[in-house]
Amino acid sequence: MAWDLLDTHASEHGMLELYTQGMKEFMIRFDGIELMNSMLHTSEDVLGELAVAFCNDSDDEILIGGLGLGFTLAAAIKAGAQRPQAPRVTVAELVPTIIAWYQHYFCTGLQLAPDCARLIAGDAYQIIADSAQWQVICLDIDNGPSYLSTSSNQKMYAPAGLQHIAAHLAPTGACLVWSANEEADMVTQASNAGFYVYLRYVHSQLAARVFEQYIYVLSPQVLDAEFAQQQQLHFLAKPVTL
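First residue of the sequence shown: 1023, per our numbering; consecutive thereafter.
It should be emphasised that the hints constitute simulated quantities derived from the structure, not laboratory data.
Incorrect hints may appear among the rest.
For each label pair, taking beta carbons as the anchor points, the in silico distance ranges come out as [what the hints assert, rightly or not]:
(1) Thr1130 - Leu1027: 16 to 22 angstroms
(2) Thr1210 - Ala1075: 36 to 42 angstroms
(3) Glu1034 - Gln1251: 41 to 47 angstroms
None of the values given here were measured: they were computed from a predicted structure.
All C-beta atoms in this analysis are idealised placements derived from N, C-alpha and C, irrespective of residue type, glycine included.
Please model the complete structure; the sequences and the hints are all you need to start from.
Right under this line is the structure:
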């Protein structure tokens, strides 16, 4: 079934295009490159579930950087609902049009209430500073640290950006980074910034094609071995000072 162009948004950074298949499936492209597709969201589901796994009580706050089609948010809300005390979720989305698309097209299909999370149109880098301690910061921006469309996103993974994240992260929390590619440079930068680094591999399938995505876990402390095993996290690096 062909994709039909539903809407566009031109910005100083490039052209965003929203496509649909019969108003049931959606895809977003940036300058002709596919960023996300509603038929392939296993890794976004895992990202949201993993965020909640790092939470302990209702005072915990999760920040999701990048709304996309809403699957990470939906998975976090669903996982939180299984707990006696659900964490609070904030989503930072740089492009207001994507929030509008989510509210108009996506949230009903995801069975999410409009007020299930706080949606903020703004730069995740700046919004990180809104809380003294986020329990979890999820970064699902573009196609990962090695493919970013804006300079504000690029600074997130620079040494100063990783130190900025560390300064606003709870000691028992984690920063989760989604990527379509392996990110050896970011692992080195995160280790230099004082993080223990773990990796969760996620395999997704669409028709006959198999995809591998990567969720990097940046933790201020070494993770409990049993927890890491339960969450299928592979140890990659420790802080360079240790």
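Structure versus earlier hints, numbers of those that do not hold, lowest first: Hint 2 is the one this structure does not satisfy, whereas the remaining hints hold.
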